[in-house]
Amino acid sequence: MNMKATKYLALLLILIMVFTMTACGSKNTDQVVGSSEQKEPITIKYPTFQVGVNTSAPLLKQNVEEFNKLYEGKIKVEIEEIPGDQAYVDKIKVLLSANELPDLIYAGGYNLLDSALEKGAVVDLTPYLEADPEWRAMFTERDLEFNSRDGKIYSVPEERQLVGYFYNKELFQKSGINQPPKTWDEFFEVCETLKNAGVTPLSMDTADTGWLTSLWLSSMIGTSGQKGNEYMNTMNVDDYMSAEVIDSINKIQKMFLNYTTPDAVGGKYENGANNFLSGKTAMIANGPWMIEDFKDTTKAPEGFMEKVGVAIYPGQGIFDASMLGYFVASKDKEHADAAVEFVKYLTKKETQLKGLDFMGRIPTSPDIEITADIAQKHPLLVELVNVSKDAIHSYNFYQSLWYPNVLDKMSTDYPALALDKMTPEEFAQRLTDTAKKNN
Amino acid sequence: MKNKALWIAVFLLPTIIIFLIVFAIPVITVVYTSFFKWKGFSGNMSFVGLNNYIEAFKNDSTFRKALSNTVVWILLQSTIHVGIGTLLALILSKKPRGWKFIRTSYMIPNIISASALAMIFLNVFNPQFGIVNSVIQALGFENFAKNWYFDFSTAFPTVTISWLVYAGLITILVLAEIMSIPESIFEAAKIDGASEMQINLFITLPMLRNILGTCVIVSATSMLKEFELIYLTTKGGPVDLTLNLPLYLYKTALIENNFGYANMMGTTLIIMGIISILLINKIFRLGKSDV
Numbered sequence: 001m002n003m004k005a006t007k008y009l010a011l012l013l014i015l016i017m018v019f020t021m022t023a024c025g026s027k028n029t030d031q032v033v034g035s036s037e038q039k040e041p042i043t044i045k046y047p048t049f050q051v052g053v054n055t056s057a058p059l060l061k062q063n064v065e066e067f068n069k070l071y072e073g074k075i076k077v078e079i080e081e082i083p084g085d086q087a088y089v090d091k092i093k094v095l096l097s098a099n100e101l102p103d104l105i106y107a108g109g110y111n112l113l114d115s116a117l118e119k120g121a122v123v124d125l126t127p128y129l130e131a132d133p134e135w136r137a138m139f140t141e142r143d144l145e146f147n148s149r150d151g152k153i154y155s156v157p158e159e160r161q162l163v164g165y166f167y168n169k170e171l172f173q174k175s176g177i178n179q180p181p182k183t184w185d186e187f188f189e190v191c192e193t194l195k196n197a198g199v200t201p202l203s204m205d206t207a208d209t210g211w212l213t214s215l216w217l218s219s220m221i222g223t224s225g226q227k228g229n230e231y232m233n234t235m236n237v238d239d240y241m242s243a244e245v246i247d248s249i250n251k252i253q254k255m256f257l258n259y260t261t262p263d264a265v266g267g268k269y270e271n272g273a274n275n276f277l278s279g280k281t282a283m284i285a286n287g288p289w290m291i292e293d294f295k296d297t298t299k300a301p302e303g304f305m306e307k308v309g310v311a312i313y314p315g316q317g318i319f320d321a322s323m324l325g326y327f328v329a330s331k332d333k334e335h336a337d338a339a340v341e342f343v344k345y346l347t348k349k350e351t352q353l354k355g356l357d358f359m360g361r362i363p364t365s366p367d368i369e370i371t372a373d374i375a376q377k378h379p380l381l382v383e384l385v386n387v388s389k390d391a392i393h394s395y396n397f398y399q400s401l402w403y404p405n406v407l408d409k410m411s412t413d414y415p416a417l418a419l420d421k422m423t424p425e426e427f428a429q430r431l432t433d434t435a436k437k438n439n
Numbered sequence: 001m002k003n004k005a006l007w008i009a010v011f012l013l014p015t016i017i018i019f020l021i022v023f024a025i026p027v028i029t030v031v032y033t034s035f036f037k038w039k040g041f042s043g044n045m046s047f048v049g050l051n052n053y054i055e056a057f058k059n060d061s062t063f064r065k066a067l068s069n070t071v072v073w074i075l076l077q078s079t080i081h082v083g084i085g086t087l088l089a090l091i092l093s094k095k096p097r098g099w100k101f102i103r104t105s106y107m108i109p110n111i112i113s114a115s116a117l118a119m120i121f122l123n124v125f126n127p128q129f130g131i132v133n134s135v136i137q138a139l140g141f142e143n144f145a146k147n148w149y150f151d152f153s154t155a156f157p158t159v160t161i162s163w164l165v166y167a168g169l170i171t172i173l174v175l176a177e178i179m180s181i182p183e184s185i186f187e188a189a190k191i192d193g194a195s196e197m198q199i200n201l202f203i204t205l206p207m208l209r210n211i212l213g214t215c216v217i218v219s220a221t222s223m224l225k226e227f228e229l230i231y232l233t234t235k236g237g238p239v240d241l242t243l244n245l246p247l248y249l250y251k252t253a254l255i256e257n258n259f260g261y262a263n264m265m266g267t268t269l270i271i272m273g274i275i276s277i278l279l280i281n282k283i284f285r286l287g288k289s290d291v
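Going line by line, the protein sequences match chains A and B.
Counted from 1, the first sequence has number 136 at position 136 by the numbering used here; the numbering is strictly sequential.
Counted from 1, the second sequence has number 175 at position 175 by the numbering used here; the numbering is strictly sequential.
Hints in this document: simulated from the structure, not taken from any laboratory.
Think of the CB as a built atom: it goes at the ideal place given N, C-alpha and C, for glycine as much as any other residue.
Don't take every hint at face value.
[Claimed, not checked] Restraint ranges, calculated between C-beta atoms of paired labels, are given here:
{"no.": "1", "chain 1": "A", "residue 1": "Glu40", "chain 2": "B", "residue 2": "Asn281", "range": "49 to 57 Å"}
{"no.": "2", "chain 1": "B", "residue 1": "Met179", "chain 2": "A", "residue 2": "Tyr8", "range": "41 to 49 Å"}
{"no.": "3", "chain 1": "A", "residue 1": "Asn196", "chain 2": "B", "residue 2": "Leu76", "range": "41 to 49 Å"}
{"no.": "4", "chain 1": "A", "residue 1": "Gln429", "chain 2": "B", "residue 2": "Met179", "range": "57 to 65 Å"}
{"no.": "5", "chain 1": "A", "residue 1": "Leu15", "chain 2": "B", "residue 2": "Lys37", "range": "23 to 31 Å"}
Chain A with its partners taken away, still in its complex shape:
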């Protein structure tokens, strides 16, 4: 009898355990659905890479805190920290595969939108924009068109990304260079002059799509003529065998072999940034978000800001294109409405002005002008905006234009190119073969 009772008791315990596990698994779903009956605020899940050492981290943190305070009791934004752009992109793709996209996603220039749209996971923002003309006026028609598919607006940007390159004026002067180069031939002459003066000319990298390197590559293509410029404004190209592209890859190889640091090969963005900030290299291709690092004494020496100048790329080129911004992937209307409220907050005039003031982020709105106060606070930003007026070629970012597997292939093949184990033609062919896998 006792044995039987023990068996029944053990069985009951096992069943309780199984049901508890099942109940735990469905707990989150219960919290999401039927929120109108809840007294709890609607929670918006927002994973982001703008955390930690990312230059946008303090601003985002402040924006989230202010938004949560403003909407206390109604909406609460919960950040999930995912340091590193590539880690973030990978995470979003995993969530997309599992049909568990968060409420809000920031594309940040990466093409996450089209994959999400393929799964029908994106909320159409057109009705929200039409219902709020003041909000719609924050964006240019060019930006809205770039963020639209089949006539529907699915995402909105929060900034305009004007990207040239920064150079160390002190190292330039020390080497006898008076001004940034205007042509690519002059650029290589400048590199040679710097090298002869004992200065490493360039910060480059290969890891994580090789951002620093690829900005130079894209600019070389984008300023090579009409064909090259069209190429750098075309999405999803699958042929890298053109003369413009191969010639640019050839130049990149020359830069790796002669004008950069040993740790560029295999190095991440942080290695390249650190080399520039510590005065080891004279030039770095990057955007205005880096300007705050020049003032940050935990990253750069005191007074480093005054040593930095900004220029457009040789051939009078600059990155100045629309970018994919925030899109909403909530599964129910209440969460979608709440997520859109947060996006409105992030992109409204006051927040864009705050971004401009706080970290020199260029607003997406054409109506927001740089005031005298802001100009005094961000002289390098003003310099960038001023020099950008001399650009005659503008182009988009390779991350937005090229297939994700091509970006990955670039990263793994750059070392071979850099160490002269691969010719530019072979590099271009491998990118082409990889791109064609997407067809």
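Using the hints, position chain B against chain A.
Here is chain B on its own, set in the frame of chain A:
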């Protein structure tokens, strides 16, 4: 008897249900979908039979490279890695001075997270400020600046070193088994005039057959899922020199969104695992008596 069988079945049922839901059904799904062309997030799939497999083995040089790298690492890990761990266990079983400290500290790489280990190795082998190059430069080779992880000649060995020599787990397992061998056997051998080497070779090692077989299985199968250390260091580069099958599967699924092809690789890995375990079982006669 029938009642007892019923109770056993009832108690096993929750475990079986969980096993089916969490493991068996996903594995069957992976194998099933490996016969389909399944790309993107639209959910459209079309049956293509063995096309994914034929494409991989016949036309995809990257797949063949990843497969061969995986096989090489399985072989190295099963032999050298287990060999190092066993050798150290044999030494530590003699309880030399500081043996407990050595046993504990040798485990440290096995208990640090793979991501932390990868960061450490990236810095150790950094061509500009890494300790390896710094030591070599201090020895008189002032211009030495080898890019260990990305030079064609050193990339594969450098990645391999990340896990090959850190056999702490093997050492602990083998040492525990050695400690369980009755002392009387060793004493009898010594009385018969056997040397330490003879004791190790002809008595200790044969008695470790089962644990060594288990260690070889653990080591071999660990290479079938090795991902973090490669992803966080070389990402399979330069070119595809350090690419293995799990990383290629990851890239195919999450970067190319080619799920059918990725599941083909998953199925290949499962088959490789089954073959490895059966082969190792046969070689080491696991579960069979020594007589």
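Outcome of the hint check:
The beta-carbon spacing between Glu40 (chain A) and Asn281 (chain B), approximately 55 Å, falls within the hinted interval of 49 to 57 Å. At roughly 42 Å, the beta-carbon separation of Met179 (chain B) and Tyr8 (chain A) lies within the given 41 to 49 Å, and the hint holds. Taking the beta carbon of each, Asn196 (chain A) and Leu76 (chain B) are about 46 Å apart, inside 41 to 49 Å as hinted. Checking the proposed 57 to 65 Å range against Gln429 (chain A) and Met179 (chain B) shows it holds: the Cβ atoms sit about 59 Å from each other.
Between Leu15 (chain A) and Lys37 (chain B) the CB atoms are about 43 Å apart, so this pair departs from the stated range of 23 to 31 Å.
Of the hints listed earlier, the one the structure fails to meet is number 5.
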